[in-house]
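These protein sequences, in sequence, are chains P and X. Numbers 1 to 273, taken from this note's numbering, label the letters of the first sequence in order. Numbers 1001 to 1296, taken from this note's numbering, label the letters of the second sequence in order.
Take the hints with a grain of salt, since some may be wrong.
What the hints assert, rightly or not - Sample of chain X residues with no beta-carbon within 10 Å of chain P, all distances over it, derived:
hint, residue
1, PHE1022
2, LEU1030
3, LEU1062
4, TYR1131
5, TYR1172
6, SER1203
Said to hold, decoys possible - Simulated coverage check for chain X against chain P, where a stretch passes if three residues somewhere in it have a Cβ under 8 Å from a Cβ of chain P:
hint, region
7, 1073–1084
8, 1101–1113
9, 1235–1245
These are calculated hints, taken from the structure and not from any lab test. Think of the CB as a built atom: it goes at the ideal place given N, C-alpha and C, for glycine as much as any other residue.
Below are the chains, spelled out letter by letter.
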Amino acid sequence: MNRFSWFNVTSLTLGFAFLYLPMLILVIYSFNESKLVTVWAGFSTRWYGELFRNEEFLDAAWITLQVAFYSSTIATVLGTMAAYALVRGGRFRGRTLFSGMVYAPLVMPEVITGLSLLLLFIGLGMATGMLTVTLAHTTFSMAYVSVVVSSRLSTFDRSLEEAALDLGASPFEAFRLVTLPIIAPAVISGWLLAFTLSLDDLVIASFTTGPGATTLPIKVFSAVRLGVSPEINALSTILIAIVTVGVVTASLATKRQAIRQAREEKMGERGVA
Amino acid sequence: MRKALVIAVPYLWLLALFLVPFLMVLKISLSDVALSIPPYTPQLDLTGGLAAIGEFFSQLDLENFVFLTSDDLYIKAYASSLTIAVISTFLTLLIGYPIAYAMARAAPEWRPTLLMLIILPFWTSFLIRVYAWMGILSNTGLLNQFLLWLGVISEPLEILNTNIAVYIGVVYTYLPFMILPIYATLERMDGSLLEAAEDLGCSRLSAFWLVTLPLSKTGIVAGCFLVFIPTLGEFVIPSLLGGSQTLMIGKVLFEEFLNNRDWPVASAVAVILLLILIIPIILFQRNEQRARELDQ
Chain P
1 MNRFSWFNVT SLTLGFAFLY LPMLILVIYS FNESKLVTVW AGFSTRWYGE
51 LFRNEEFLDA AWITLQVAFY SSTIATVLGT MAAYALVRGG RFRGRTLFSG
101 MVYAPLVMPE VITGLSLLLL FIGLGMATGM LTVTLAHTTF SMAYVSVVVS
151 SRLSTFDRSL EEAALDLGAS PFEAFRLVTL PIIAPAVISG WLLAFTLSLD
201 DLVIASFTTG PGATTLPIKV FSAVRLGVSP EINALSTILI AIVTVGVVTA
251 SLATKRQAIR QAREEKMGER GVA
Chain X
1001 MRKALVIAVP YLWLLALFLV PFLMVLKISL SDVALSIPPY TPQLDLTGGL
1051 AAIGEFFSQL DLENFVFLTS DDLYIKAYAS SLTIAVISTF LTLLIGYPIA
1101 YAMARAAPEW RPTLLMLIIL PFWTSFLIRV YAWMGILSNT GLLNQFLLWL
1151 GVISEPLEIL NTNIAVYIGV VYTYLPFMIL PIYATLERMD GSLLEAAEDL
1201 GCSRLSAFWL VTLPLSKTGI VAGCFLVFIP TLGEFVIPSL LGGSQTLMIG
1251 KVLFEEFLNN RDWPVASAVA VILLLILIIP IILFQRNEQR ARELDQ
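Use the sequences and the hints to build the structure in full.
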């Protein structure tokens, strides 16, 4: 099956070049001395210095991190509950509406989510700011958490939970001691996904934020609207570096775990024999 | 009791922050613009009793929707969003399929790494990935510099601020969404089917056409919808890469609401966008259902 073919090698090479070259160029040009971003004028870390002296960016970054932390944490709790209700809840009144509402934000255009939430906040007389952005982000990212968690919940062996209940655990104990450890990897990746989505969101935040709560994407967007800027290149490089380290570490960790699991299984088989 | 709580908390949250806001959009789309805060009329006053509620409903009308059909701008924006979404979905498929195919045919020990390399850009900021192209596609950008240096062109091509830049942006940012479902179906495919086809005298190309392609259909359909649906309401890509003549409904909606403050019309634009999206969403779910049934 794994015939070496020039066609496959070419499409992989071109494909990955297409995916990675633009980001690589961004990283390289963030170290450019010149203010003109298309002319190379020698290596410099000048723009990183400018970036860290720019109070506005630092403030926006701090606000964004707080919003992302709170919204992803609440979204993880709510999304896990929603997934549990859908996979384990059996039949209950309004189930169809519930599952529709849980998954709809996945396909809802961001402009509509943002618009509708702003209309709600204004209708309630709430001042827009960090609180409203956090509520908005929680609502759209809990759908992603639910998807990730429910796929894990629906594949694991239910008899483990039943055994715990039979042995006298309360439903909450069974969840905490049996279910939660098993679905933990999915809950963690759900949280990370929600966190990333919140960090990254421009459209919903533009609608639901107010004075004093400008998030980083809004700041970046208004800066790049006027054209390419070396400071934004520096900022992008930092973000790309963080994501790369995170994803590579996570995938190495899962790989190591898979190897360990395979080894344990093999030892288990030997033990039986 | 606890089970009820587990259901009730997310349920109430979604009712309050998803369903109610959506109903408000629907309601405001039927209202009129007014110079007040909030800038529309009528407003529901529950303290006025049934008579006030009746009065409220009698003031709602389809005026904004009539206005949308009479104004060229909106019809053009919907049409051009659809065109851009269709063309860029097709381009993404054309570029994504060979990559997914090559990944599925790669040695098994390579596949997790390749998969990680496809997923990595997905975790990187969307805004930054779109922004990366601004420096490449501009008149003095790297692509033009490169082509001028090669001598292919004698003066810079105008790419940034055109629809071509929007296509590039969509293909670039949504490529992983196309590759992943296609890769998933191709990877599961039974290799002996291809060997059988070739043993029976099929050329490699016709074996691909007659065996591989039909078997990867669910992946192709899923990938296409995953690209098409978000592209239709896209805002960031047309704003940063498109020009003034690039009309996309997400951009029109954003500007109508935040700049012109015409909330009733913006709400009507949103309602129609959702109505257009319902068809592909239903088709997508049907495709997923079929894929699940085939799995079992």
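Hints, one by one, checked against the model:
Under the 10 Å C-beta cut-off, the non-interface status given to X/PHE1022 relative to chain P is violated; the minimum distance is some 5 Å. The non-interface label for X/LEU1030 is consistent with chain P: the shortest C-beta to C-beta separation is roughly 13 Å, beyond 10 Å. Once the 10 Å rule is applied to beta carbons, X/LEU1062 is consistent with being away from chain P; the minimum gap is 19 Å. With 10 Å as the threshold on Cβ separation, the claim that X/TYR1131 sits away from chain P is violated: the shortest Cβ distance comes to roughly 5 Å.
The Cβ of X/TYR1172 does not lie farther than 10 Å from every Cβ of chain P; its closest approach is about 7 Å, which violates its non-interface assignment. Once the 10 Å rule is applied to beta carbons, X/SER1203 is consistent with being away from chain P; the minimum gap is 14 Å. A count of 0 residues in the region 1073–1084 of chain X with a Cβ less than 8 Å from any Cβ of chain P is obtained; the coverage claim is therefore unmet, three being the minimum. Here's how the region 1101–1113 of chain X fares: 8 of its residues keep a CB closer than 8 Å to some CB of chain P, so the rule of at least three is met and the hint holds.
Restraint check on the region 1235–1245 of chain X versus chain P: 4 residues with Cβ-Cβ distances below 8 Å, three needed, restraint holds.
Checked against the numbered hints listed earlier, the structure breaks hints 1, 4, 5, 7; every other hint is satisfied.
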